[in-house]
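Taken in sequence, the protein lines are chains A, B and C.
Heads up: the first sequence at position 511 corresponds to 511 in the numbering used here, and the numbers run straight through without jumps.
Heads up: the second sequence at position 233 corresponds to 233 in the numbering used here, and the numbers run straight through without jumps.
Heads up: the third sequence at position 124 corresponds to 124 in the numbering used here, and the numbers run straight through without jumps.
By construction, these hints were calculated from the structure, which means they are not laboratory data.
Remember, it's a predicted structure, so these values are computed and weren't measured experimentally.
Do not rely on the hints blindly, as some may be mistaken.
Said to hold, decoys possible - Stretch-level coverage of chain B by chain C, calculated; a stretch enters the list once three of its residues show a Cβ under 8 angstroms from a Cβ in chain C: (1) 45 to 55; (2) 82 to 94; (3) 119 to 127; (4) 159 to 168; (5) 175 to 182.
To be verified - Here are the computed lysine to aspartate or glutamate pairs in the DMTMM-like style, where the Cα-Cα straight-line distance is at most 20 angstroms: (6) K231/B <-> E304/B; (7) K45/B <-> E300/B; (8) K245/B <-> E230/B; (9) K95/B <-> D139/C; (10) K212/A <-> E242/A; (11) K12/C <-> E300/B; (12) K755/A <-> E809/A; (13) K83/A <-> E179/B; (14) K52/C <-> E3/C; (15) K363/B <-> E126/A; (16) K20/C <-> D156/B; (17) K24/C <-> E114/B; (18) K12/C <-> D132/B; (19) K133/B <-> D139/C; (20) K83/A <-> E373/B.
Unchecked claim - What follows is a set of in silico ranges between Cβ atoms, one per label pair, in the way DEER data are often shown: (21) S272/A <-> F381/B: 27 to 37 angstroms; (22) R403/B <-> K103/C: 50 to 60 angstroms; (23) D155/C <-> D319/B: 53 to 63 angstroms; (24) T370/B <-> S375/A: 48 to 58 angstroms.
Yeah, the Cβ is synthetic: ideal placement off N, Cα and C, and Gly gets one too.
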Amino acid sequence: MSEVTLTIDGKSVTVPKGTKVVDAAKQVDVDIPVFCYHEKIGPLGCCRMCLVEVEKMPKLMTACTMDVAPDMVVKTVGDKVEKAQKGVLEFTLLNHPLDCPVCDKGGECPLQDNTFKYGPPDTRMEFHRANNVKAAPLSPVITIDRERCIACQRCTAYSERIEQNRELVMLNRGFHNEVNTFNNQPYDNRFSGNVIDICPVGALTNTDFRFKARTWDLTNHDTLCANCGVNCNITFGTRLNELMRIEARPNDAVDDGWICDKGRWGHQFVDSKNRITAARENSVGKTEPTSFPNFPIDAPTEEAAEKVVEVFKRIAEEHGPESIGFIGSPYATNEESFLYQKLFRLLGTNNIDHKPYQETPGLPVNHYDIDAIESSNIVLLIASDPTEELPILDLRIKKAVTRCGTKLLSLNDQTTALDKYAGLTVKYKIGSEASAIDALAEGLARELGESIDFSSDLAQTGIPADEMKSLVEAVRSSMKICVVYNPAALSGDSALRVKRLLSVISKIPTVECGAIPAAPATNAVGAMDMGLLPDFYPGGVPVSDSEKIKELWGEEAPTKAGLTTLEMLAKAKSGELKALWVHRSNPVVDFPGGDQVVEALKNLDLLVVHDMLETETTQLAKIVLPSSGPGFDEGTTTNIGGRIQARRKALDSGVPADWKLISIMLKKLGDETEYSRVAKVLNDIAKRVPGYQEINARLVGKLGINREQVTVENASPGNLEGANGNGKLKLRVASYLFAHDKILDASSKLAHHFKSSSAFLNESDAGSLGVANGDRVRISGNGVELDAEVNVDNRCAAGGIVVPKVSDEQGVNGLVNLDGSPAWVEIKKV
Amino acid sequence: MTQILFKDINKEGLRTMKVYEELGGYQSLKKAFAQKPEEIVEAVKASGLRGRGGAGFPTGLKWSFLAKDVFPRYLCCNADESEPGTCKDRELLLKNPHLLIEGMILCSYACRIETGYIYMRGEFHDLSFIMDKALDEARAKGYLGKNILGSGFDLDIYTHLGAGAYICGEESALLNSLEGGRGEPRMKPPFPAVEGLYSKPTVINNVETLCVVPYIVNEGAESYAALGTEKSKGTKLVSVSGHVKKPGNYEIELGTPTSELIYNLAGGIQNDNKLKAFIPGGSSVPMLPASKVDTPYDYESLAEAGTMLGSGALIVIDDSINIVEATLRLISFYMHESCGKCTPCREGTRWLHQIVERIMQQKGKLEYITRLEDICDNMSFKTFCPLADACVAPVVSSIKHFRADYEEYFKNIPAGAAS
Amino acid sequence: MSEYTFTADQEKEIERILAKYPVKTSALLPLLTLVQRADQVVSPEAMVAIGKKLDVSPAYVQSVMSFYTMYHTEKVGKYMILFCINISCQLNGCDRLLEHTAKKLNIKVGETTSDEKFTLHREECLAACTEAPMMRVNDTYYGNLTEQRIDQILDSLD
């Protein structure tokens with residue numbers, strides 16, 4: 001892009017062509033006041049606050065709408081500009097109420113600040129200020145004060161250009177302009193809260209924060225949202241060790257300045273009654289545990305942990321290291337996961353995992369950061385539903401499609417909200433992703449003149465041949481493609497097939513290919529990188545690479561592949577696994593199996609759960625250890641774009657930090673590494689994890705840093721198997737952002753989003769089942785029954801059923817067999 | 001006086017194809033199709049025709065600004081006639097719809113446009129039926145549609161109705177409205193000639209402007225340019241209204257003295273009162289006192305006198321009213337019509353209204369008069385579109401020429417009564 | 001909210017309107033006009049139905065609709081009287097005539113008669129200044145008004 005040089009207040013500045021004068025001024029520290037202009041939303045030209053003088057132009061110009069031009073001479077000071085600024089501020093304040101003393105925006109209000117700096121000393125307004133509605137609910141979480149509104153249209157432009165649902169609009173005309181929704185309905189969507197951050201006055205405020213604290217009394221902690229794998233940057237405002245509010249903290253590489261409503265209002269769990277604050281022993285399981293010592297009631301957590309880890313050691317010695325296992329957490333920090341895998345490998349086992357699905361660390365192509373979506377001309381979503389799973393990715397994709405010329409392709413078994421932005425949506429039958437992905441890879445290989453046969457069966461997927469051809473052609477002719485896939489939504493070994501597909505795409509000479517592994521969990525990528533895996537050490541080092549393992553982890557490090565989560569649970573059921581340690585995970589609800597999981601966990605000699613909130617699984621544990629968790633903990637996480645960022649402590653929990661607790665246990669087992677601070681753990685990670693070599697706390701800094709590529713040997717998926725449902729329907733458990741779980745509990749500010757169970761059926765299946773919209777059906781499978789309301793909307797192809805997980809209580813994962821095999825369910829009208 | 005637009009305006013049946021053709025209608029098409037499109041643009045440039053909607057921008061030049069080689073392009077005829085005092089386009093649409101169609105065909109041919117819209121204000125619903133009927137007749141005759149008269153040129157024209165918003169007469173607001181949006185003006189640049197309707201190059205011309213084009217093609221640019229003054233060429237429709245005996249639309253050669261319009265064509269002042277003031281170009285231009293009544297009615301002379309020709313609406317005010325009454329009515333209009341997007345306009349029009357109203361209630365302060373001027377200064381040229389400037393025009397000019405009328409309201413205030 | 005349905009004739013008209021534009025949203029004003037003329041009001045249900053036809057949110061429809069003065073959220077009378085009060089009409093005595101009209105209809109300006117026959121609105125310039133004072137009753141313009149002429153016109157409407 002060509003550059004333009006201009007002069008602003010006598011200072012020369014060179015900026016890319018197309019830059020607005022207001023942004024160019026920032027480069028040379030010239031402050032041009034604005035209300036309506038927002039860098040991410042684009043120019044509006046409403047408020048007229050940014051009037052500047054431009055040489056050779058007869059009238060003052062708005063700096064926010066004007067592109068820079070070569071040799072332009074801009075003056076932001078002088079009588080003419082200053083009179084205009086005073087005039088505009090006088091108009092702006094004319095009917096603005098003087099309720100600053102009770103306004104939540106006070107202290108961080110652009111209207112106050114601009115008036116202070118540029119405004120008239122007094123007002124000449126002698127009439128009654130216009131009265132308007134004060135403090136009306138715009139939604140259950142946002143309050144609107146129409147008297148304070150200065151009609152800058154930032155929020156409505158946000159709704160139109162960023163969130164793009166156009167739910168928040170300007171109604172009426174002229175002085176009667178007002179921000180509102182259709183028919184006074186609540187402004188309620190996944191991204192509504194951002195209008196609070198961008199409102200330049202106190203018109204849109206956070207209902208939860210109203211009158212709670214003055215902004216200047218808050219302690220603001222720069223940290224990360226812990227609610228999904230995007231890891232949006234947030235400011236966690238606290239006062240007297242209490243969470244007051246959460247705001248977006250712009251990071252272009254991650255969130256582009258926005259957060260979703262779950263990020264803003266979904267951290268109330270820090271105040272939850274269900275928080276675990278002390279170690280305890282439950283009276284569950286066998287009354288006389290074979291290998292279990294007396295556990296002191298009310299022991300300090302550190303002491304309890306030391307005792308428990310010794311028992312694990314003893315069990316491993318008694319029954320062999322295969323008899324113990326660890327289910328880690330895709331929500332834990334890198335430091336916690338790193339130390340935990342170290343601990344269990346020190347105990348001699350590779351029975352370490354964190355997920356109920358198959359996936360390998362690393363990628364055969366570039367691991368794209370999130371902002372690569374904007375520079376890619378094709379984004380291919382595979383089994384991914386960003387709107388529900390990784391909401392801010394949804395905004396980024398919409399931005400790319402509507403503003404950057406990116407074309408969106410979708411290969412999925414269900415219709416998603418982003419489909420309407422897609423140039424091409426290809427839908428495969430639930431459970432047939434293996435063939436769908438392989439068919440795409442084969443098609444591309446054919447185009448390359450390679451005869452690869454993965455023996456895909458397109459007929460099984462239900463995808464018409466010409467659709468697949470179009471998809472192949474779109475991918476083949478892309479210049480830069482970003483593949484976004486959700487391994488957690490792929491069945492069997494399909495994630496490995498995606499990697500094989502990526503290898504094929506990367507062979508097309510004209511295509512630059514990268515991918516984003518988009519599992520929804522907060523630190524899913526970090527958990528993979530940190531080696532919470534039965535077959536990989538941290539940094540994607542396979543257990544088979546004994547030489548490297550010995551070099552990094554010592555002579556004793558186990559090199560035999562361990563059990564996956566589902567295998568561990570199966571072995572627990574059969575009695576072969578004696579002791580299981582679960583860190584911040586709730587297999588009873590989140591893993592397939594349902595009652596089978598309960599049965600398996602009950603059959604253990606010893607179940608230890610280290611968690612921050614009470615769950616169905618903690619109820620089954622013999623020992624419960626308190627985990628600090630987001631808000632209280634500190635460390636790093638690696639987001640879906642491979643960016644390592646710092647999560648910082650905002651509140652004191654009174655519970656030892658997880659990394660500290662694990663390091664105490666490590667010491668107990670004889671590990672000599674000194675982890676005095678969490679940064680020391682990161683230093684150890686840098687030493688031992690390929691891809692993280694250069695990382696340290698300083699480099700991570702405020703905005704994070706991309707790790708090096710974690711590479712992994714070529715994946716080799718197994719052979720395809722056909723399947724037949726015998727009249728049953730194949731189940732797809734979909735995500736719902738506002739599921740009623742432990743994070744969003746009954747007291748959540750977002751409880752108005754909770755839903756009851758729905759079953760999405762294809763028209764043809766609904767027809768043959770004789771059910772219609774609104775009917776209740778009973779879904780049964782794996783010995784579990786679940787009632788749901790029918791939605792006939794062709795969300796999936798015939799032969800399948802989509803049931804979003806709407807709550808923990810719903811128990812939808814119980815419909816799936818513990819072995820993770822395809823779930824065929826029976827539907828009956830109630 | 002030479003009549004171009006109003007030559008046959010009162011001929012019975014003029015709005016039918018039959019009569020229109022008998023009077024020589026649509027003859028220009030063959031002439032035009034025999035020329036290259038660029039030649040028509042050049043002819044319109046040479047004729048000196050300027051936009052008759054209000055801004056007075058040279059029409060041919062506007063056409064030549066269209067983004068090169070970008071298609072499709074659109075023509076929007078601005079038939080949103082809403083400027084208080086103006087009703088000339090309505091008479092053309094009502095009585096001579098085919099003249100507009102002919103003009104639009106010529107413009108479209110010259111600018112390589114294949115789709116035209118006539119954006120009519122919503123209140124012209126009945127006129128849209130007349131227009132639709134004329135368009136149907138033109139289609140039936142092959143003047144619209146594919147391969148018009150074997151020229152290889154395709155064009156269709158549709159009517160589109162607004163729904164009550166003065167601001168939609170502003171060309172970029174008109175485009176937003178035509179696209180199904182709120183009639184808020186757009187940022188410029190990009191100008192409509194580059195990115196207009198549906199982000200494509202677009203010509204927007206007033207009804208009267210387009211109606212002149214057939215004459216230029218038929219009679220030649222020179223014969224049009226021979227009319228009027230050196231810089232203000234041709235004729236102009238002027239709507240004379242207010243305190244005159246014979247209000248009406250009159251076609252004059254530009255440069256005709258304003259007094260001729262008022263005293264001769266419009267029959268002089270009602271009740272033989274004295275002329276007090278006149279607004280020469282629609283409510284958005286500054287008013288002038290009676291002393292300026294001999295000002296030639298053309299762009300330059302009126303500008304020299306401190307006002308504008310605008311849309312050609314001459315509003316005549318006699319000495320029976322206080323000028324502040326008329327001023328308040330106009331402020332009220334702009335307050336009502338402000339789209340509300342720009343702060344100075346949204347807030348300023350209302351504030352001006354409050355102050356003038358207070359003055360008229362005899363509750364004002366003398367300093368309000370200078371305050372009005374200062375508020376006007378803070379409004380003018382500070383907004384997106386000229387609506388705020390239009391509101392300021394009557395206020396500033398009324399204070400300038402009729403300060404005594406304002407002072408009238410302070411005369412009988414008992415001491416200490418001012419609030 | 002109940003569902004709004006267009007009549008078969010309206011559906012046909014909508015097709016004809018849509019055919020005029022390369023972009024659907026351009027039909028928004030015409031569709032609102034269609035509904036307003038048929039129902040004398042644009043109900044929220046109709047806004048939803050129009051939004052569906054044009055793939056825009058109902059909020060957008062309402063936003064656009066509320067910008068223009070010719071659409072109404074409350075049902076107006078069979079005859080909509082728009083009485084011009086702008087400058088040329090003001091100079092020719094419209095205020096007195098408007099007052100007369102309101103008195104005759106026994107309503108205030110802005111109101112609808114109890115039999116829902118007439119709604120009387122003050123209106124800005126209607127581009128008939130040379131016929132001032134004037135009013136528009138539904139689609140018809142009436143100029144050069146006097147008290148007698150107004151009485152005649154209103155009495156002749158049934």
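Okay, the hints, checked on the actual structure:
1. With 0 residues having a Cβ less than 8 angstroms from any Cβ of chain C, the region 45 to 55 of chain B misses the three-residue criterion, and the hint is violated.
2. Using a Cβ-Cβ cut-off of 8 angstroms, 8 residues of the region 82 to 94 of chain B lie near chain C, which meets the minimum of three, so the contact claim holds.
3. Counting residues of the region 119 to 127 of chain B whose beta-carbon sits less than 8 angstroms from any beta-carbon of chain C gives 6, enough to reach three: the coverage restraint holds.
4. Chain C is given as covering the region 159 to 168 of chain B, and this holds because 7 residues of the stretch bring a CB closer than 8 angstroms to a CB of that chain, at least three being needed.
5. Taking a C-beta to C-beta cut-off of 8 angstroms, the region 175 to 182 of chain B contributes 6 residues in contact with chain C, enough for the three needed, and the coverage statement holds.
6. Using a Cα cut-off of 20 angstroms, the hinted pair K231/B and E304/B holds, with the two alpha carbons roughly 13 angstroms apart.
7. For the hint pairing K45/B with E300/B, the CA-to-CA distance comes to about 18 angstroms; that is within 20 angstroms, so the pair holds.
8. For the suggested pair K245/B and E230/B, the alpha carbons sit about 32 angstroms apart, so the restraint of at most 20 angstroms is broken.
9. Under the criterion of a C-alpha separation no larger than 20 angstroms, the hint pairing K95/B with D139/C is consistent with the structure, at around 17 angstroms.
10. Between the alpha carbons of K212/A and E242/A the distance comes to roughly 11 angstroms, so the proposed pair stays at or under 20 angstroms and holds.
11. A threshold of 20 angstroms between alpha carbons decides the hint, and for K12/C with E300/B the separation of about 52 angstroms lies outside it, so the pair is violated.
12. Proximity of K755/A to E809/A is assessed by CA-CA distance (about 12 angstroms); at most 20 angstroms being required, the pair is judged to hold.
13. Restraint check: the Cα-Cα separation between K83/A and E179/B comes to about 37 angstroms, which exceeds 20 angstroms; the hinted pair is violated.
14. About 11 angstroms separates the Cα atoms of K52/C and E3/C, which keeps this hinted pair within 20 angstroms; it holds.
15. For the proposed pair K363/B and E126/A, the alpha carbon gap of about 12 angstroms is at most 20 angstroms, so the pair holds.
16. Of the supplied pair hints, the one linking K20/C and D156/B holds, its CA atoms being roughly 9 angstroms apart against a limit of 20 angstroms.
17. For the given pair, K24/C sits about 18 angstroms from E114/B by alpha-carbon distance, which is consistent with the 20 angstroms threshold.
18. At roughly 17 angstroms between alpha-carbon atoms, K12/C and D132/B fall within 20 angstroms of each other, so this suggested pair holds.
19. Between K133/B and D139/C the CA atoms are separated by roughly 17 angstroms; this keeps the pair inside 20 angstroms, and the hint holds.
20. Restraint check: the Cα-Cα separation between K83/A and E373/B comes to about 14 angstroms, which is no more than 20 angstroms; the hinted pair holds.
21. A hinted range of 27 to 37 angstroms for the beta carbons of S272/A and F381/B is inconsistent with their spacing of about 58 angstroms.
22. At roughly 37 angstroms, the beta carbons of R403/B and K103/C sit outside the given window of 50 to 60 angstroms.
23. Between D155/C and D319/B the Cβ separation comes to about 37 angstroms, which falls outside the hinted range of 53 to 63 angstroms.
24. At roughly 57 angstroms, the beta-carbon separation of T370/B and S375/A lies within the given 48 to 58 angstroms, and the hint holds.
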